[in-house]
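Chemist: According to our numbering, the sequence shown is numbered sequentially starting from 22.
Calculated directly from the structure, the hints in this document are not laboratory data. No residue lacks a Cβ here, since even glycine has one placed at the ideal position from N, Cα and C. It is possible that part of the hints are untrue.
To be verified - Pairwise CB distance ranges, derived in the manner of DEER restraints:
1. 83 / 54: 33 to 39 Å
2. 89 / 51: 19 to 25 Å
3. 69 / 91: 29 to 35 Å
4. 60 / 90: 31 to 37 Å
5. 56 / 82: 30 to 36 Å
6. 58 / 24: 20 to 26 Å
7. 40 / 61: 18 to 24 Å
8. 63 / 85: 15 to 21 Å
9. 35 / 73: 21 to 27 Å
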Amino acid sequence: GATSILYDAIRSGNPASFVSGGSCLATDTASLSASDATLPALGTTLNYLVRAQNGCPSGSGPLGLASTGIARTGLDCP
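Model the full structure from these sequences, guided by the hints.
Modeler: Structural data, given as C-alpha cells:
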C-alpha cells in the first residue's frame, strides 16, 4: 500500500476534453485545495477534474465517469 496520496488538478474550458484543451493546475501535491486565478470569458465556464495518485506502479486514480458511464481521460501532469 501507499504511504501518501498526491493529487493532480486539471482545468479545461471544454467539459468534454481534458486532454487537448486541458492544463495542469496542480501536480503531485498533497494539498487538499488549489487556487486558480484564471477568469472565464463572459458566457463560458471553467471545468475541473482531480485525480488521486500514490507511489505504487499504475498508482493514478481515475478522473471519474462521464454521464454516459465512460471513464474520463485527462492530461498526464508532469
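Chemist: I want to verify a distance hint. Is the separation of the beta carbons of residue 56 and residue 82 within 30 to 36 Å?
Modeler: At roughly 22 Å between Cβ atoms, residue 82 and residue 56 fall outside 30 to 36 Å, so the hint is violated.
Chemist: How does the Cβ-Cβ distance of residue 60 and residue 90 compare with 31 to 37 Å: does it lie in that range?
Modeler: holds, 33 Å
Chemist: Holds or violated: 15 to 21 Å for the Cβ distance of residue 63 and residue 85?
Modeler: Violated, at about 28 Å.
Chemist: Does the beta carbon distance between residue 35 and residue 73 stay inside 21 to 27 Å, or does it fall outside?
Modeler: holds, 23 Å
Chemist: Starting from the hint 29 to 35 Å, judge whether the C-beta atoms of residue 69 and residue 91 obey it.
Modeler: violated, 19 Å
Chemist: Quick check on a hinted range of 19 to 25 Å for residue 89 and residue 51, using CB atoms only.
Modeler: violated, 32 Å
Chemist: Against the range 33 to 39 Å, how does the distance between the Cβ atoms of residue 83 and residue 54 compare: consistent or not?
Modeler: violated, 21 Å
Chemist: Does the Cβ pair residue 40, residue 61 satisfy 18 to 24 Å?
Modeler: Holds: the Cβ-Cβ distance is about 19 Å, inside 18 to 24 Å.
Chemist: Evaluate the given range 20 to 26 Å for the C-beta pair formed by residue 58 and residue 24.
Modeler: Given a distance of about 32 Å, which is not inside 20 to 26 Å, the answer is violated.
Figure legend: structure checked against the earlier numbered hints; hints not met, in rising order: 1, 2, 3, 5, 6 and 8.
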